[in-house]
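S.K.: Starting from the known structure of chain L, fit chain E onto it as the hints suggest.
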Amino acid sequence: EAGVVQSPRYKIIEKKQPVAFWCNPISGHNTLYWYLQNLGQGPELLIRYENEEAVDDSQLPKDRFSAERLKGVDSTLKIQPAELGDSAVYLCASSLGADSSYEQYFGPGTRLTVT
Amino acid sequence: AQSVAQPEDQVNVAEGNPLTVKCTYSVSGNPYLFWYVQYPNRGLQFLLKYITGDNLVKGSYGFEAEFNKSQTSFHLKKPSALVSDSALYFCAVRDKGTYKYIFGTGTRLKVLA
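Chains L and E are the protein sequences, given in the same order. Each number in the working numbering comes from the position in the first sequence (counting from 1) with 215 added on. Each number in the working numbering comes from the position in the second sequence (counting from 1) with 12 added on.
The shape of chain E in the complex, shown without the other chains:
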C-alpha cells in the first residue's frame, strides 16, 4: 500500500537559516510527489511537484525539493527561512493508476525571529 511519512511533527529554525522538512514515501512504480502549505484557517496551497525529469524541483516562495529515488525521499528545502514561512507543511504522493492522493500527517514549521 502506498504511504507517506513526515517524521518530524515540528521543525524550528532561526530566520535566515536554511530549512529542511522531510518526507519519505512508499509507492509502487514511479510516484508523483507534491508539497502543500497550510496557514491557519486556510486551505492547503500548492508549493511544488515532482512529475519527471530533474530531481531538483523549484516552487513558490523560494522553496525547492529534491527527489531521491534510491532513498524514496522528497525533502522540502529553502536556503533562507522567513518568519512568514511558519505554517503547516504537507507532503503528498499520488498513485498514477488510481489517482488517489495520500497526504502525510504534516510538519509544523516555526521560524524564529
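The following block holds chain L by itself, in its conformation from the complex:
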C-alpha cells in the first residue's frame, strides 16, 4: 500500500513569492490534515478536511495561506506571498475517518526555505 505522497520534498523561494505544496493521501482515507513543523517542535495543525470540506481551519493564516481538496482526494496548500517566517516543514497526513481513535499517516513533508 502506498503511503502519503507529498511534493516537492524541498523548495527554496524568495520572500513575497508564491509557493504551493501537493499531497496525495492513502487511498480510502477520507480525512486529510496539513501541519506545519518548525525545527525542534511538534507538528501544529493548519487545516483538517473531511472529504472535500474544510472542517477545521482555525489555525490557518487566511491572509496568505489557502488550501483546497476539490475532489476529496488530493490536496494543495498555497502560500502567497511567502514570508521569511514561513520557513518550516509542511506535513500532510491522512486517516481513515474523523473518529478520534484513528491514527494518522504522515507524508515525508516539504521543507520550505524562504530567503
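These aren't lab readings, by the way, just hints derived from the structure by calculation. Accuracy of the hints is not assured; some may be wrong.
Quick list of the computed label-pair ranges, beta carbon to beta carbon [unchecked claim]: (1) S38(E) - P276(L): 40 to 50 Å; (2) K81(E) - L299(L): 36 to 46 Å; (3) N53(E) - L299(L): 21 to 31 Å; (4) S72(E) - N253(L): 24 to 34 Å; (5) A313(L) - A13(E): 18 to 28 Å; (6) G65(E) - G312(L): 19 to 29 Å; (7) G65(E) - L311(L): 37 to 47 Å; (8) S82(E) - T330(L): 48 to 58 Å; (9) S92(E) - P233(L): 41 to 51 Å.
In silico SDA-like links for lysine to any residue, alpha-carbon gap of 20 Å or less [unchecked claim]: (10) K70(E) - S316(L); (11) K112(E) - L311(L); (12) K122(E) - G255(L); (13) K61(E) - D289(L); (14) K108(E) - N67(E); (15) K70(E) - G255(L); (16) K112(E) - Q274(L); (17) K108(E) - E265(L).
Computed from a predicted structure; not experimentally measured. C-beta atoms are modelled at their ideal positions from N, C-alpha and C, and glycine is treated no differently.
M.R.: Then chain E, alone, in the frame of chain L:
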C-alpha cells in the same frame, strides 16, 4: 486547555538497556493518546495508541506504553534499546470532542552502541 508535555529534550541510553521516554498530558475527560516516531527527513510514523481498556499498550518495533490516569502520564518504554531506535519521539493527545491533535515538543532518543 489541553496540552502535552515531554519534559526531556533528549534521552541517552546504552544499547541493550531499557528505555523510557516520558509524556504527561492535560485534557478534560478521557483522552486518546498516541506515540509517533520521526526519523531524519521523514514524516512521523505511528507507534501505538491508547483508546480504552488495558493500561499497557503494545505497539510497533517492540515499544509499549503505560497509561496512568492518576498521574496523567503515558510513558513510552522498550525493554532493550537498539541503536536503530535513535530518533525523535512525539507524544500526542486527541480531544474526542473537537478531534484536535496536540503534539508534544518531542524527545530525541539517542541509543549508544
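S.K.: Decide, hint by hint, whether the structure agrees.
M.R.: Now for the hints, and whether the structure bears them out:
1. Checked against the hint of 40 to 50 Å, the C-beta distance between S38(E) and P276(L) comes to roughly 26 Å, which is inconsistent with it.
2. Distance hint check: the CB atoms of K81(E) and L299(L) are about 44 Å apart, consistent with the given range 36 to 46 Å.
3. The hint said 21 to 31 Å for the Cβ distance between N53(E) and L299(L), and at roughly 22 Å that hint holds.
4. Hint check: S72(E) to N253(L), Cβ distance near 26 Å, so the stated range 24 to 34 Å holds.
5. Between A313(L) and A13(E) the beta carbon distance is about 21 Å. The supplied range of 18 to 28 Å therefore holds.
6. For the pair G65(E) and G312(L), the supplied restraint of 19 to 29 Å holds, since their beta-carbon distance comes to about 21 Å.
7. Roughly 20 Å separates the CB atoms of G65(E) and L311(L), a value that falls outside the hinted 37 to 47 Å.
8. A C-beta distance of roughly 50 Å is found between S82(E) and T330(L), which places it inside the suggested range of 48 to 58 Å.
9. A hinted range of 41 to 51 Å holds for the C-beta pair S92(E) and P233(L), which are about 50 Å apart.
10. Using a Cα cut-off of 20 Å, the hinted pair K70(E) and S316(L) holds, with the two alpha carbons roughly 16 Å apart.
11. Distance check on the hinted pair: K112(E) and L311(L) sit about 15 Å apart at the alpha-carbon level, within 20 Å; holds.
12. A hinted pair counts as satisfied when its Cα atoms are at most 20 Å apart, and K122(E) with G255(L) qualifies at roughly 15 Å.
13. At roughly 27 Å between alpha-carbon atoms, K61(E) and D289(L) are farther apart than 20 Å, so this suggested pair is violated.
14. For the hint linking K108(E) to N67(E), the alpha-carbon distance of about 18 Å falls within 20 Å, and the restraint holds.
15. For the proposed pair K70(E) and G255(L), the alpha carbon gap of about 27 Å is over 20 Å, so the pair is violated.
16. Taking the CA atoms of K112(E) and Q274(L), the gap is about 11 Å. The hint holds against a cut of 20 Å.
17. Straight-line distance between C-alpha atoms of K108(E) and E265(L) comes to about 16 Å, which keeps the hinted pair within the 20 Å bound.
Hint check: violations occur at hints 1, 7, 13, 15; the rest are consistent with the structure.
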